[in-house]
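**Q** Chains as they are written, first to last, in the working numbering: chain A, 1 to 292; chain B, 1 to 307.
Hints listed in this document are in silico derivations from the structure and should not be mistaken for laboratory results.
Heads up, some of the hints might be wrong.
In silico negatives: residues of chain B with every beta carbon more than 12 Å from chain A [said to hold, decoys possible]:
hint : residue
1    : L56
2    : G73
3    : G74
4    : R81
5    : R83
6    : S143
7    : G183
8    : R210
9    : R271
10   : V279
Between beta-carbon pairs, the in silico distance windows are [what the hints assert, rightly or not]:
hint : chain 1 : residue 1 : chain 2 : residue 2 : range
11   : B       : D92       : A       : E54       : 43 to 49 Å
12   : A       : E54       : B       : V289      : 49 to 55 Å
13   : A       : T53       : B       : Q266      : 39 to 45 Å
14   : A       : M38       : B       : L158      : 36 to 42 Å
15   : B       : L297      : A       : G172      : 33 to 39 Å
16   : B       : V293      : A       : Y147      : 53 to 59 Å
17   : B       : E88       : A       : G68       : 51 to 57 Å
18   : B       : E88       : A       : V29       : 51 to 57 Å
All values derive from a computational prediction rather than experimental measurement.
Where is the CB? At the ideal position from N, CA and C, for every residue including glycine.
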Amino acid sequence: MSATVALTERPGIRRGPSRRVRAWAIPVVTLAILALLMAMALLADFAAPYSPTETALSSRLRPPFSDGHLLGTDGLGRDILSRVIHGSRVSLIVAAISILVGGSLGTGLGVVSAYYGGRIDAIIMRVADVLLGFPLIILAILLAGIYGPSLNNVLVILALAQWPRFTRMARGEALALKERDYILAARIVGMPAWQIIWLHLLPHLFSSLLILASLSAASAVIIEAALSFFGAGVPPPAPTWGGMINDGRDFVTTAWWVSFFPGLALVLMVLSLNLLGDWLRDEFDPRLTQAG
Amino acid sequence: MTRYILSRLAQGFVVLIGASLLIFTLVRMTGNPVVLMLPPDASDEDIARVTAQMGLDRPIYEQYGVFVAQMAGGDFGTSLRTRRPVRELIGDRLWNSMQLGILALVGSLAVGIPLGVFSAVHRGRTVDIIARSLAMLGQSVPSFWLGIVFIAVFAGWLRILPAARMGGPEHFVLPVVTLILTGTLLSGVVRFVRSGMLEVLDAEYIKLARAKGLSERVVIWKHGLRNAVIPLVTFLGFYLTLLVGGVSLIIETVFAWPGVGTLLNQAIFARDFPVTQAVTILFVAGFVVTNFVIDVLYAYLDPRIRL
């Protein structure tokens with residue numbers, strides 16, 4: 001790091017943007033993209049030129065840039081751009097709620113597991129392990145078969161998918177912190193467990209939580225898309241990016257745009273979340289910076 | 001050591017039983033398969049009669065008991081939809097699915113390990129940036145979308161590769177490449193090799209090897225890589241369990257691949273209970289077994305873990 005800084009400060013040597021500047025670009029760009037997506041979702045009704053659900057069978061499968069339809073139309077004549085804009089709502093809601101619920105549940109369980117140890121720890125971790133490997137997509141499809149596809153289904157499955165990771169992280173960190181002197185002191189003094197956890201353990205988890213939240217949001221969006229792709233997500237006619245990709249399968253060789261653009265939006269959102277999470281990790285997790 | 005093995009075995013068993021119970025009940029909640037098997041105008045008495053014939057009106061615990069007894073004897077039941085033994089159905093397709101997985105794994109290792117090594121050795125330079133971007137993209141791109149895009153480009157537009165189904169080697173290209181590039185496969189391999197190498201390259205014995213005068217190439221590949229791959233093995237174990245799990249489902253559906261994933265998909269929609277149960281339990285069992293093997297292997301290699 002110091003070598004790079006020295007080189008860029010020497011007069012007469014142009015090495016392009018210094019590493020510091022480049023490093024800053026990542027959070028700025030990703031947050032900008034995410035903010036844009038959020039704005040899109042909130043203002044969907046105003047931003048979208050057409051209704052996302054109104055069919056227009058006379059203008060089916062129009063290619064992009066045809067009059068009035070920037071991204072073309074799908075098999076039922078619905079404007080792709082409008083549907084992509086509205087689709088961002090589902091993705092964002094799902095991501096937000098799943099990390100809020102899964103994250104708080106998971107972190108809570110992880111800290112409790114670390115603090116109390118023993119049987120509780122073993123049970124919680126075993127359940128977490130099982131969930132990490134269980135074919136949740138199958139579960140989701142079955143649930144959709146029983147109760148019909150719905151937003152609730154998706155949220156339940158996602159919460160199940162997310163909490164084990166938070167539990168693992170929280171437990172790992174809490175275990176390390178547990179032996180610190182000030183924790184022992186608090187216990188000796190008689191501070192109740194919940195107070196110790198809340199005041200002394202949790203605040204230290206904050207940066208790790210943030211990192212994991214960003215990365216988990218990314219995977220939540222992808223999982224939701226996969227569920228919608230299989231018809232086990234939010235049901236039509238609500239536009240979802242995964243569902244739109246599925247719709248386009250029938251026309252993949254003739255009307256590629258039906259599947260392409262929703263996927264592109266998906267990649268954009270997930271990439272931003274992943275990049276952000278990675279950058280946060282590089283910044284805040286000292287253990288990893290040595291290994292790059 | 002034996003105690004550890006036994007306890008892990010017992011835990012695995014519990015997981016398996018729990019999962020099978022869960023699937024068993026859930027699957028029956030999706031509706032009565034008889035309704036789908038008979039013509040739409042079948043009378044209620046007909047439906048009831050056939051349901052009783054198939055033993056589907058018995059209490060759940062009785063059905064479960066029969067199910068477990070059959071499984072213990074190696075009989076996975078008979079498909080409600082095709083009347084063929086489930087074992088045959090799965091057997092036909094299992095190898096198809098596994099071929100994809102194995103090819104993808106080999107491909108990822110072949111590309112990922114060198115990439116990871118170069119990335120670590122030339123840290124910060126172009127190779128590193130490219131490798132990490134590739135890894136990042138791989139995690140961010142949904143496999144079903146990439147598969148569809150590939151089909152559109154290579155089958156629809158360029159017409160040099162087939163769009164779906166199984167066949168000669170050219171049919172394998174797209175699904176395997178999609179599998180490698182997306183999900184966590186290639187990205188995981190590159191990351192783990194890279195971080196493993198980075199940690200190792202600073203170690204004492206590497207400096208010693210260099211001091212001895214060994215060529216840089218030998219130092220990196222022979223001495224460095226050997227130790228860097230240990231975390232990679234963990235990751236691969238993890239990935240294997242995922243592969244057996246649900247990854248195949250998505251790729252197979254997109255490419256209409258005659259594998260276990262598509263079998264499951266059909267079974268769920270046709271309310272073919274025996275098939276759905278058997279395949280899901282197979283997935284879970286695969287996961288449990290692989291996990292168990294990894295756990296035992298680790299305990300063997302590192303005595304500190306047997307707590």
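**Q** Evaluate each hint against the coordinates.
**A** Right, here's what the structure says about each hint:
1. L56: holds (16 Å)
2. G73: Holds: least Cβ distance 25 Å, greater than 12 Å.
3. G74: At about 23 Å from chain A, B/G74 clears the 12 Å cut-off, so the statement holds.
4. R81: holds (15 Å)
5. R83: holds (22 Å)
6. S143: violated (8 Å)
7. G183: Check fails; 9 Å does not lie beyond 12 Å.
8. R210: It holds; B/R210 is separated from chain A by about 20 Å at its closest Cβ, greater than 12 Å.
9. R271: It is violated; B/R271 is separated from chain A by about 8 Å at its closest Cβ, not greater than 12 Å.
10. V279: Per Cβ check, B/V279 is inside 12 Å of chain A; nearest 8 Å; violated.
11. B/D92 with A/E54: 43 to 49 Å: Given about 45 Å between the Cβ atoms, the range holds.
12. A/E54 with B/V289: 49 to 55 Å: At 52 Å between Cβs, range holds.
13. A/T53 with B/Q266: 39 to 45 Å: violated (30 Å)
14. A/M38 with B/L158: 36 to 42 Å: holds (38 Å)
15. B/L297 with A/G172: 33 to 39 Å: violated (22 Å)
16. B/V293 with A/Y147: 53 to 59 Å: violated (36 Å)
17. B/E88 with A/G68: 51 to 57 Å: holds (54 Å)
18. B/E88 with A/V29: 51 to 57 Å: Because 54 Å falls inside the window, the suggested range holds.
In terms of the numbered hints stated before, the structure departs from hints 6, 7, 9, 10, 13, 15, 16, listed from lowest to highest.
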